[in-house]
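Visitor: Take the given structure of chain A and dock chain B to it, following the hints.
If you read the sequences in order, they're chains A and B. Just so you know, the first sequence maps onto residues 1 to 130 in this note's numbering. Just so you know, the second sequence maps onto residues 1 to 608 in this note's numbering.
The set of hints was computed from the structure by calculation and includes no laboratory data. Among these hints, one or two may not hold up.
Said to hold, decoys possible - Which chain A residues stay away from chain B? Per the calculated CB distances, all over 10 angstroms, these:
no. : residue
1   : K6
2   : K45
3   : E47
4   : K72
5   : E78
6   : I82
7   : F107
As the list claims (entries may be wrong) - Residues on chain B that point at chain A, a partial pick, calculated with CB under 10 angstroms:
no. : residue
8   : P322
9   : T395
10  : E398
11  : K467
Ideal Cβ placement from N, Cα and C applies to all residues, glycine included.
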Amino acid sequence: MNAKKKILIVDDEQDVLAYFEAVFQDSGYDTVLARDGFEGFELAKSEKPDLITLDITMPEQSGIKTYYQFKKHSALKEIPVIIITAADESYKNFLNELNGLSTPEVFFSKPIDPEELLKVVADILFDNNI
Amino acid sequence: MGKKTDKASSNSDLEKYINKRLFDTIPLGIAVIDPDYNLVYANKAFEQLFGSWGNRKCYHVYKSREDMCSYCESAMTLKDGLPRANEEAGYDKNGRHIHYLQHTAPIIDDDGNFPYVIHIFTNITEATQIRDEHEVLFDQVPCNILLIDRNFRIVKANKRLTDWLGDPEGAYCFESLKGLKHKCTECTARQTFADGRIHTGYHVWKSSEGKTLHLHVITIPLKRADGSFDLVMEMAVDVTQTLKLQDGLKFAHRFLETVISTSMDGIFAVNEKGKVTIFNPAARKFFNIKDNQVISREELAGILPKGFLNQVSEGPGHVYLPETEVKTIDGETFPVRLVGNKLQRSDDSPLGMAFSVQDLREIKQLEKEKLEAERLAAVGHTVAGLSHGVKNLITALEGGMYMLNSGLSKGNIERIQKGLEMLMRNIERISIFVKTFLSFSKGREIQAKICDPAAIAKEVVELYEVKADELGIVLTNEKIGDVPPAPIDYESMHECLTNLVGNAIDACQVSNGDSCYVAVRTFEKNGIITYEVSDNGCGMDYEVKKKVFTTFFTTKGLGGSGLGLLMTKKIVQEHGGKIELESKPGQGTTFRIKFPRSRLPKVIEKEA
Numbered sequence: 001m002n003a004k005k006k007i008l009i010v011d012d013e014q015d016v017l018a019y020f021e022a023v024f025q026d027s028g029y030d031t032v033l034a035r036d037g038f039e040g041f042e043l044a045k046s047e048k049p050d051l052i053t054l055d056i057t058m059p060e061q062s063g064i065k066t067y068y069q070f071k072k073h074s075a076l077k078e079i080p081v082i083i084i085t086a087a088d089e090s091y092k093n094f095l096n097e098l099n100g101l102s103t104p105e106v107f108f109s110k111p112i113d114p115e116e117l118l119k120v121v122a123d124i125l126f127d128n129n130i
Numbered sequence: 001m002g003k004k005t006d007k008a009s010s011n012s013d014l015e016k017y018i019n020k021r022l023f024d025t026i027p028l029g030i031a032v033i034d035p036d037y038n039l040v041y042a043n044k045a046f047e048q049l050f051g052s053w054g055n056r057k058c059y060h061v062y063k064s065r066e067d068m069c070s071y072c073e074s075a076m077t078l079k080d081g082l083p084r085a086n087e088e089a090g091y092d093k094n095g096r097h098i099h100y101l102q103h104t105a106p107i108i109d110d111d112g113n114f115p116y117v118i119h120i121f122t123n124i125t126e127a128t129q130i131r132d133e134h135e136v137l138f139d140q141v142p143c144n145i146l147l148i149d150r151n152f153r154i155v156k157a158n159k160r161l162t163d164w165l166g167d168p169e170g171a172y173c174f175e176s177l178k179g180l181k182h183k184c185t186e187c188t189a190r191q192t193f194a195d196g197r198i199h200t201g202y203h204v205w206k207s208s209e210g211k212t213l214h215l216h217v218i219t220i221p222l223k224r225a226d227g228s229f230d231l232v233m234e235m236a237v238d239v240t241q242t243l244k245l246q247d248g249l250k251f252a253h254r255f256l257e258t259v260i261s262t263s264m265d266g267i268f269a270v271n272e273k274g275k276v277t278i279f280n281p282a283a284r285k286f287f288n289i290k291d292n293q294v295i296s297r298e299e300l301a302g303i304l305p306k307g308f309l310n311q312v313s314e315g316p317g318h319v320y321l322p323e324t325e326v327k328t329i330d331g332e333t334f335p336v337r338l339v340g341n342k343l344q345r346s347d348d349s350p351l352g353m354a355f356s357v358q359d360l361r362e363i364k365q366l367e368k369e370k371l372e373a374e375r376l377a378a379v380g381h382t383v384a385g386l387s388h389g390v391k392n393l394i395t396a397l398e399g400g401m402y403m404l405n406s407g408l409s410k411g412n413i414e415r416i417q418k419g420l421e422m423l424m425r426n427i428e429r430i431s432i433f434v435k436t437f438l439s440f441s442k443g444r445e446i447q448a449k450i451c452d453p454a455a456i457a458k459e460v461v462e463l464y465e466v467k468a469d470e471l472g473i474v475l476t477n478e479k480i481g482d483v484p485p486a487p488i489d490y491e492s493m494h495e496c497l498t499n500l501v502g503n504a505i506d507a508c509q510v511s512n513g514d515s516c517y518v519a520v521r522t523f524e525k526n527g528i529i530t531y532e533v534s535d536n537g538c539g540m541d542y543e544v545k546k547k548v549f550t551t552f553f554t555t556k557g558l559g560g561s562g563l564g565l566l567m568t569k570k571i572v573q574e575h576g577g578k579i580e581l582e583s584k585p586g587q588g589t590t591f592r593i594k595f596p597r598s599r600l601p602k603v604i605e606k607e608a
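Next comes chain A alone, as it looks inside the complex:
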């Protein structure tokens, strides 16, 4: 746990960004914030985060399209993505049915339990690496 892990948070809700930023920072993670899918994709390429949390229902470019971009990009496709959305379970099923794409690592429904989120993030970032 020498180098701080970096998490990219993509959400159109300013308050949600602030909330997740506080939660992750309090647990010792670095955070990068993106307010929509475009920004999220650009920041993912430049910042090379260790994990991404992604909202689905966003203006400009939806989370689904953004997820596609991540998973089709050679340098980004290995980064684990946690989808955190207020949309219902049908989105999860939809994502599960996508052809040729790995399903998202975790699907969280809003409202979230911060401790559970942190546990899942820690599992992905550390268990997998060991």
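Guide: Just chain B now, kept in the frame of chain A:
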């Protein structure tokens, strides 16, 4: 003696008469010519036929010729002393064409020479004419005629028959007409030969080329004065075409009968006297009329819309009512599509009227169910959208609580401040959200009143004029053509257009272009009232377009409730209309809401 003398004197009187008078009283023309063909003697009857003859040649008098005939029987008789007879044609004293029989006989003198030739004439002009006429009739009458003898051989056939069959004279009738080797079992000619009476029958003839004729045949005995006969005249009328037509007619009739009796639409008709002649099972079912029940014209007029019968009989011929109401025989009203046609003969004289009626009860019910289903679907989407909206709000509130709590435990004033702001901001959002949602969910029954569709658009545009001006957006309103008043819920429609125009202005605000416009148009085409709101603002991509009507979807962050277009759609549906959307990212958006007049709500009666 006296007696004898008497007899002798009477004999001599008779001789005198025969010698002197008979020559002139006999009804035959008699003339005598010399070897140079000069007429030397003639009787009265001759004069009556040919006129004056003194010092004239025979060919000149009989035939108006200047020179001798090329074929002259008199010349032959002068040579051989044999009598002759011939049918000749010439001219009478008035120059009219005549036919006559001419007997030519030599007058033989004591020496056995024949210095004169006597001509005896029988005028047969009339008989010839009658004979010619009969021949024309025989040949040209529009049926086949043949004479058959007792051996069933054809003695004579008219031209019509020989044209078809070739010359059958002498052949057996059954052989040449039917290609048979033996007599027919059913033979009308044989019946006539047997009893001497006229018989009729139906025959089928076959030509050697295989052509078939269907004939109506009549056989008549050609009796002599004593009643005996050896010939039968067979007249055969070709009914092939008639039979074909009859068959065609039968088929057409049966086809029509089947179509009418099995049609799902009601079909009924009245004749020119107003009597109801057709009332098919479907119509009986619609109007609740028993199978054997007869309907009078008055009853028909009673179940149809008032004055409809007259409208059809006095109109241009075709009356179509796409949606009207009729009554069952028990007086129960129901919606139908009704068509009335005036029937006329080719000379425009009336033949009656035919009607077809389509029961719209089921269609109406389906339409109602569809509208209801759409409404329920909208409610379903609303609830789904609602939960989505609430989840986002809860997350934001939890975020605020987290910031507040963690700020308090860490003594981080900035975080406490931020947490409070988040809580307050989202409580305000909840309040906006709930207000809008309430107005949506209340489901106020629309109250249609007759109003001017274009006036609503005008008022909405005026409402946005100042704002548009401030933002440098060109806002125009246009009414194209005539849009007559219609039953509309004024306030709902106002809200509808306010949403669309407001959205269009928002779209212009976030667009990169310099000269932005929002154009509102109102027009009516084919009974469909249309409002069109178009802008050249930011436009929408596929994903946004897909979602605009369905959830609490907003691209405006805190500024929108996500309910505007859903509300708009609800109002449009409640007016029986539909909403169309064309949009391209970066180019602009056009919303079109269309209201067929036939589907607009009914006007709510004014309360007293």
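Visitor: Test the statement that I82(A) is away from the interface with chain B: the closest C-beta pair must be farther apart than 10 angstroms.
Guide: The assertion about I82(A) holds, with a minimum of 14 angstroms to chain B.
Visitor: Please settle this one: F107(A) was flagged as non-interface, so is its CB more than 10 angstroms from every CB on chain B?
Guide: holds (14 angstroms)
Visitor: Per the stated criterion, does the least C-beta distance between K6(A) and chain B lie above 10 angstroms, as a non-interface residue requires?
Guide: holds (21 angstroms)
Visitor: If we take the beta carbon of E78(A), is the closest beta carbon in chain B still more than 10 angstroms away?
Guide: Holds, because the least Cβ-Cβ distance between E78(A) and chain B comes to about 26 angstroms, which exceeds 10 angstroms.
Visitor: E47(A): least C-beta distance to chain B exceeds 10 angstroms?
Guide: holds (23 angstroms)
Visitor: Is the hint on E398(B) kept, meaning its closest Cβ partner in chain A is under 10 angstroms away?
Guide: holds (5 angstroms)
Visitor: With d taken as the least Cβ-Cβ distance between K72(A) and chain B, does d exceed 10 angstroms?
Guide: Label holds. Min Cβ-Cβ 17 angstroms, cutoff 10 angstroms.
Visitor: Against chain B, does K45(A) hold up as non-interface, every C-beta pair farther apart than 10 angstroms?
Guide: Holds: least Cβ distance 22 angstroms, greater than 10 angstroms.
Visitor: Using the nearest Cβ pair, does K467(B) come within less than 10 angstroms of chain A?
Guide: This hint is violated: K467(B) lies away from chain A, its Cβ roughly 22 angstroms from the closest one there, beyond 10 angstroms.
Visitor: Per the CB criterion, is P322(B) less than 10 angstroms away from chain A?
Guide: violated (42 angstroms)
Visitor: Taking the closest Cβ pair, is T395(B) under 10 angstroms from chain A?
Guide: holds (4 angstroms)
In terms of the numbered hints stated before, the structure departs from hints 8, 11, listed from lowest to highest.
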